[in-house]
Amino acid sequence: MNQAAIIFQDVNYSAEGLHIIKNITGFFPEGKITTLVGPSGAGKSTLFKLCNGLHSPDSGEILIKGKPIDTYNPIELRRRVGIALQSATMIKGSVLENLELPLTLQEKTIDKEYAEELLHDVGLAGDFLKRNAMDLSGGQKQKLSIARTLVNKPDILLLDEITSSLDRVSQHDIEELIEKINKKYGTTMIWITHNLEQALRIGHFTWVMMNGELIESGESSILENPQDERVKQFVKGEIE
Amino acid sequence: MTYLTLSLTLIFVLIPIILSRTLKLGLEKDTLIATVRSIIQLLAVGYVLQYVFEADNIIFILLMVLLMIGAATQNARRKGDSIRGITWKLFVTFVFIEVLTQSILLGFNIVPPTPQYIIPISGMVIGNSMVLGILFLNRFTAEVESRQDETELILTLGGTPRQAIHTQLITSIKSSTIPTIESQKTIGLVQLPGMMSGQIIAGADPVQAVQFQLLILFLLLTTAVVTSIMLGFLSYPTLFNKRMQFLKLKS
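Protein chains in written order, with our numbering: chain C, 1 to 240; chain H, 241 to 491.
It is worth saying that the hints were derived from the structure and are not from the lab. Note that the Cβ used here is the ideal one computed from N, Cα and C, for glycine as well. Hints are supplied without guarantee of correctness; some may be wrong.
[Unchecked claim] Cut-off 16 Å, straight-line C-alpha distance, at most; resulting in silico cross-link-like pairs (EDC-like, lysine to aspartate or glutamate):
(1) H:K482 - C:E97
(2) H:K488 - C:E16
(3) H:K488 - H:E422
(4) C:K112 - C:D135
(5) C:K32 - C:E113
(6) C:K92 - H:E390
[Claimed, not checked] If you want the footprint, here are the derived chain C segments under chain H, 3+ residues with CB under 8 Å:
(7) 20-27
(8) 65-78
(9) 82-88
(10) 94-106
Produce the complete structure using the sequences and hints provided.
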């Protein structure tokens, strides 16, 4: 059996009167890529914020590398469990200032060669460094957001719809990059995607969530042969 | 000025009422209410001040200042009620500003320790602090609301709450204090300040009136900057919990 990087035990979370995460029990295997799929409003992004400590569960327990999440210092936790959000928010300033942000927060600076290498890895040219981050296209911002998350060298990387605004070529580049990082550093990856082909292609494992519940989980092949009736409908595209 | 002369000034109230009635602006009722309220409030304050000045008792001075701080807190808190515990934060800020400014003024013997000086200066300091507090809270809550994504981004990258709210805090402090600084640049050129004009009309030496006005201007500069900074640093921690999670503003 694979070791678990993250374990959920009967986790519940509510906000503004809505029960968003319902009794989730499951695990994300260490060093593997797990894809997280499900219709909109299934609670996938909220699950990420629970893993990164941006929210705390109302009940149940989350273990990160075997330790209860609330025993971690929140800052240390967020550096170890990186998250690239779908919004790919940029701060005012250059690409370099955005890329350097995780280090600026620690009063450090980034080495120029390392910055260029990171940009190259996500498919952006080194001369982008001086450009205004606000002027980048949606896809370029998304790539920069991934590079920025990598600066902290996280053990676990949470990727929220990171290729949804990219063209096919860029999507392929990012998929290759994620596989490369996963193989090279053994980084645990959890990837929310709407693209079931991508989930099958990239994921060693898959979680299917619906309406705040974990419906099925296991090797990604479960998407080809789902057991649950609702998952069958979702895979056929009958549930959006 | 006699009461007869004073009653003649009501002509300045009649002009807007007649204009409003002629042009159907519908401002007559509000103008009348404002006039009656200002007459009652100012006369009441005048008599209270006369009594306090004659009594020359520290307890009365403290009560007057406390009343001003209470009214200022009550007025400003409505603008910041989305921030948890804003009432005591405003109260502490106003008390601090009052203690700071009066300590400097009285400690260095800049003004004599009499109610004639302490009460009007306190009124100007607390009033100005209240306006600054309202300006700051308006801007700060709007900044926090509109830049939630940025706050969240910095937290996800391992930043502290202070780092996550830094830009919003600095922008709000700057934007609330800029009007005070800017208005000082043109003072005397565009308009003569109310207090200085009042002193000149009452027969004071214009140079002495200017000296007092400068004292007030510098005092208000400190008031503006300290109010915004203090309110900012008291307010931002309530936007986060112990786990450094961002809590939404109270709706």
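Hints versus structure:
The hinted pair formed by K482 (chain H) and E97 (chain C) fails the criterion: a straight-line CA distance of about 29 Å is larger than 16 Å. Of the pairs offered as hints, the one joining K488 (chain H) and E16 (chain C) holds, with about 10 Å between alpha carbons and a cut-off of 16 Å not exceeded. A threshold of 16 Å between alpha carbons decides the hint, and for K488 (chain H) with E422 (chain H) the separation of about 33 Å lies outside it, so the pair is violated. At most 16 Å may separate the alpha-carbon atoms for a hinted pair to count; K112 (chain C) and D135 (chain C) exceed this at roughly 21 Å.
Note on K32 (chain C) and E113 (chain C): the hinted pairing is violated, with a Cα-Cα distance of about 29 Å set against a maximum of 16 Å. Proximity of K92 (chain C) to E390 (chain H) is assessed by CA-CA distance (about 10 Å); at most 16 Å being required, the pair is judged to hold. Under the rule that three or more residues need a Cβ within less than 8 Å of chain H, the assignment of the stretch 20-27 of chain C is violated, with 0 such residues. Counting residues of the stretch 65-78 of chain C whose CB falls under 8 Å from any CB of chain H gives 5; the rule of at least 3 is met.
With 4 residues carrying a beta carbon less than 8 Å from a beta carbon of chain H, the stretch 82-88 of chain C meets the three-residue requirement, and the given coverage holds. Against chain H, the stretch 94-106 of chain C contributes 4 residues with a C-beta closer than 8 Å to a partner C-beta. That satisfies the three-residue criterion, and the hint holds.
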